[in-house]
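Using the sequences provided together with the hints, build the complete structure.
Protein chains: 2
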Amino acid sequence: MKIINANEINPILLEKGTAKKTWGKYLIGDKDGAKKFHMRIFIVEPGGQTSYDQHIYEHEVFVLKGKGKLVTIKDGNKVETQIKAGDAIFIESNEIHQIFNEGDEPLEFICIKGVKEIYY
Amino acid sequence: MKIINANEINPILLEKGTAKKTWGKYLIGDKDGAKKFHMRIFIVEPGGQTSYDQHIYEHEVFVLKGKGKLVTIKDGNKVETQIKAGDAIFIESNEIHQIFNEGDEPLEFICIKGVKEIYY
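Protein chains in written order, with the numbering used here: chain A, 25 to 144; chain B, 25 to 144.
Check the hints yourself; a few may be wrong.
Put simply, identical chains are the same to the list, so a pair is met inside one copy or across any two.
Only pairs whose alpha carbons sit at most 30 Å apart, straight line, appear in this in silico BS3-like list of lysine-lysine [unchecked claim]: (1) K102 with K59; (2) K98 with K55; (3) K98 with K40; (4) K26 with K93; (5) K55 with K44.
Simulated from the structure, these hints should not be mistaken for laboratory data.
This is the structure:
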């Protein structure tokens with residue numbers, strides 16, 4: 025068993041890809057012995073966005089605070105979905121996705137990602 | 025992509041094993057196409073407890089509200105850990121675990137479980 029409180033972790037500014045004003049905290053990962061899926065928190069400041077992303081591993085997201093917009097691509101068309109606290113969101117394998125904070129408060133969400141190896 | 029708000033789901037009373045006064049909501053599962061890990065919310069009322077549990081699949085827990093006590097067994101000894109909002113908890117494969125709410129407010133947490141098949 026491993027336990028850590030999210031408030032005790034300093035967020036790291038994510039500068040991967042097209043991410044802007046987005047901070048991450050790794051909550052549960054390899055270092056804890058988690059072999060199959062990992063838990064992180066992301067904080068997107070107002071005006072910020074996560075990276076435009078696509079990958080084999082699934083995401084499961086739970087929105088803790090704030091509001092935002094999720095963009096995905098379905099059959100070649102851009103789909104915009106409003107997201108808010110309490111939303112649970114499943115992003116399937118290889119689905120393009122990006123989250124924007126167009127509000128005036130931080131958007132905070134848990135994001136679980138599968139470890140690549142479980143998809144092969 | 026699938027999205028559902030936790031507030032729109034009616035909780036189900038869990039009567040499995042030694043669970044008491046514990047309610048569950050399935051947020052992301054098979055029905056959504058999630059093949060590797062699933063997301064649920066559990067609400068433990070004051071005086072309640074989750075089932076005394078042990079299984080191959082890992083858990084990753086994030087406490088949303090309230091306080092509680094996590095009991096695990098380490099080298100044959102009972103270990104009690106206080107838990108509170110913001111805690112991220114990793115329960116490893118085959119680790120015995122049970123969560124109690126000894127407070128006077130509901131204890132609410134997200135729990136991700138791996139699908140059994142990814143452990144074989």
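Structure versus earlier hints, numbers of those that do not hold, lowest first = No hint contradicted; all consistent.
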